[in-house]
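A.B. asks: Sequence lines, in order, name chains A and B. Numbered according to the working numbering, the first sequence terminates at residue 116, and the numbering increases by one at each position without gaps. Numbered according to the working numbering, the second sequence terminates at residue 229, and the numbering increases by one at each position without gaps.
Don't take every hint at face value.
Lysine-lysine pairs mimicking BS3-like chemistry, simulated, CA-CA at most 30 Å apart [as the list claims (entries may be wrong)]:
1) Lys2(B) to Lys14(B)
2) Lys2(B) to Lys86(A)
3) Lys149(B) to Lys173(B)
4) Lys114(A) to Lys2(B)
5) Lys114(A) to Lys86(A)
6) Lys114(A) to Lys14(B)
Covered by chain B, per the in silico footprint, the following chain A stretches (three or more residues, Cβ under 8 Å) [said to hold, decoys possible]:
7) 20-26
8) 31-43
9) 61-72
Below, a sample of chain A positions facing chain B; criterion: calculated Cβ distance under 8 Å [said to hold, decoys possible]:
10) Gly48
11) Leu77
12) Phe111
Hints listed in this document are in silico derivations from the structure and should not be mistaken for laboratory results. Remember, predicted model here, so these are calculated numbers, not experimental data. Backbone N, C-alpha and C fix where the C-beta goes; we use that ideal spot for every residue, glycine too.
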Amino acid sequence: MNRAGKEERLMDAQHGILEQAAEWRAAGRDVALATVIQTWGSAPQSVGAQLAIDAEGNFAGSVSGGCVEGAVVTEALDVMESGAAKVLEYGVSNETAWEVGLACGGTIRIFVEKLG
Amino acid sequence: MKADILQRLLEARKGRRGVAVVSDLASGEQRFIARGEASGDAALDAALDESFARDHSRTIEIGGAEVFIHIHNPPLKMIIVGAVHVAQDLIPMAGAAGFDVSVIDPRGAFATAERFPQVTLHSDWPDEVMPGLGIDHRTAVLALTHDPKIDDPALTHALRSECFYIGALGSRKTHAGRLERLSAHGFEAETMARIHGPIGLDIGARGTAEIAISIMGQVVQVLRRGPGA
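The following block holds chain A by itself, in its conformation from the complex (with noise of 0.2 Å):
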């Protein structure tokens, strides 16, 4: 393996994802930016783990290892659309966790930004 590629493999597992957000910002796409900012119980997902997402509904990273991206991804877009914050909260307790709930058991919130 050479340098270059050890070193990528070596970052954290939250680099890149805000170097794959400022990249698409760059190119001109309404970019946003979701955060774990809390969590109970068992989270599959730490507090400060991201996930970017682009107006096509691409995505980076991670906010709870598959459980709730799609529904993240959705937020995301409305999020684009208005310029206006918000923060989400998913459990299995929440009324929709039938279709995006956690598995885990865990609960988890969420800030939803668009990128400037």
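Position chain B against the provided structure of chain A, taking the given hints into account.
C.D. replies: Only chain B this time, still in chain A's reference frame:
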């Protein structure tokens, strides 16, 4: 997030500087605050200090407003002094845990690219190399050679830095001798207590791979629980 905050954030990460983005969750307003910089609010400063030290992003209430403190600490770094067998077993684990690993060993036969293909190798003496490695509060320093000529200068340098972990391989007897030599250099007992010696968690490790596991476990414990753990 405003474009200029994102830009400053990306620059800070490149430059290995700890920074925080503080978001007001109701309004979406954000501030970019560097580690050690005063925010103008005593409660927020205290929360920031603790969050940086523990690498802990969190949502808290300040002055009746709900704010999210997002800590962006520089990537973790591990400096291994001694291109020894334990190091060979430790390096893949450290890499998986997110550490960028450097190995220092002035003995040419040990520090070869064949033995250590995936790390930055330095074949000079620790006191020559370490000042250039930017040892910070996200760095762990491990002295693994058993040789005081090599380990002692490394430990001396580590004790004068703000690295979060210092460990030294060797028995209790070896460690007692080491502490005696270091105290002759003027280090107080309290300062030398930062050195974990014998290195590693006491898990009855046998052989180099298990010793590497005990070391990695201790590094993570100190990182996540703090030095008193």
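A.B. asks: Does the structure keep Lys114(A) and Lys2(B) at a Cα separation of 30 Å or less?
C.D. replies: Given that 30 Å is the threshold and the Cα spacing comes to 8 Å, the pair holds.
A.B. asks: For the segment 61-72 of chain A, count the residues whose Cβ lies under 8 Å from any Cβ of chain B; is that count three or more?
C.D. replies: Three-residue rule not met by the segment 61-72 of chain A, so violated; n is 0.
A.B. asks: Please count how many residues of the segment 20-26 of chain A have a CB within 8 Å of a CB from chain B and say whether that reaches 3.
C.D. replies: It holds, with 3 qualifying residues against the three required.
A.B. asks: Given the proposed pairing of Lys114(A) with Lys14(B), does the C-alpha separation stay at or below 30 Å?
C.D. replies: holds (23 Å)
A.B. asks: Restraint: Phe111(A) near chain B, CB-CB cut 8 Å. Satisfied or not?
C.D. replies: holds (6 Å)
A.B. asks: If you draw a straight line from the CA of Lys114(A) to the CA of Lys86(A), is it 30 Å or shorter?
C.D. replies: With Cα atoms ~10 Å apart, Lys114(A) and Lys86(A) stay inside 30 Å; holds.
A.B. asks: Within the assertion that chain B covers the segment 31-43 of chain A, do at least three residues meet a Cβ-to-Cβ distance smaller than 8 Å?
C.D. replies: Since 4 is at least three, the answer is holds.
A.B. asks: Within 30 Å, alpha carbon to alpha carbon, are Lys149(B) and Lys173(B)?
C.D. replies: holds (17 Å)
A.B. asks: Is the interface hint for Gly48(A) satisfied, with its Cβ closer than 8 Å to some Cβ of chain B?
C.D. replies: holds (4 Å)
A.B. asks: Mind checking the alpha carbons of Lys2(B) and Lys14(B) for me, to see if they're no more than 30 Å apart?
C.D. replies: Between Lys2(B) and Lys14(B) the Cα gap is close to 19 Å, so the pair holds against 30 Å.
A.B. asks: With a cut-off of 30 Å on the C-alpha distance, tell me whether Lys2(B) and Lys86(A) pass.
C.D. replies: OK: Lys2(B) and Lys86(A) at ~15 Å, within 30 Å.
A.B. asks: With a cut-off of 8 Å, does the beta carbon of Leu77(A) approach a beta carbon of chain B closely enough for the hint to hold?
C.D. replies: With a minimum Cβ separation of about 17 Å from chain B (threshold 8 Å), the hint on Leu77(A) is violated.
In summary, the numbered hints that this structure violates are 9, 11.
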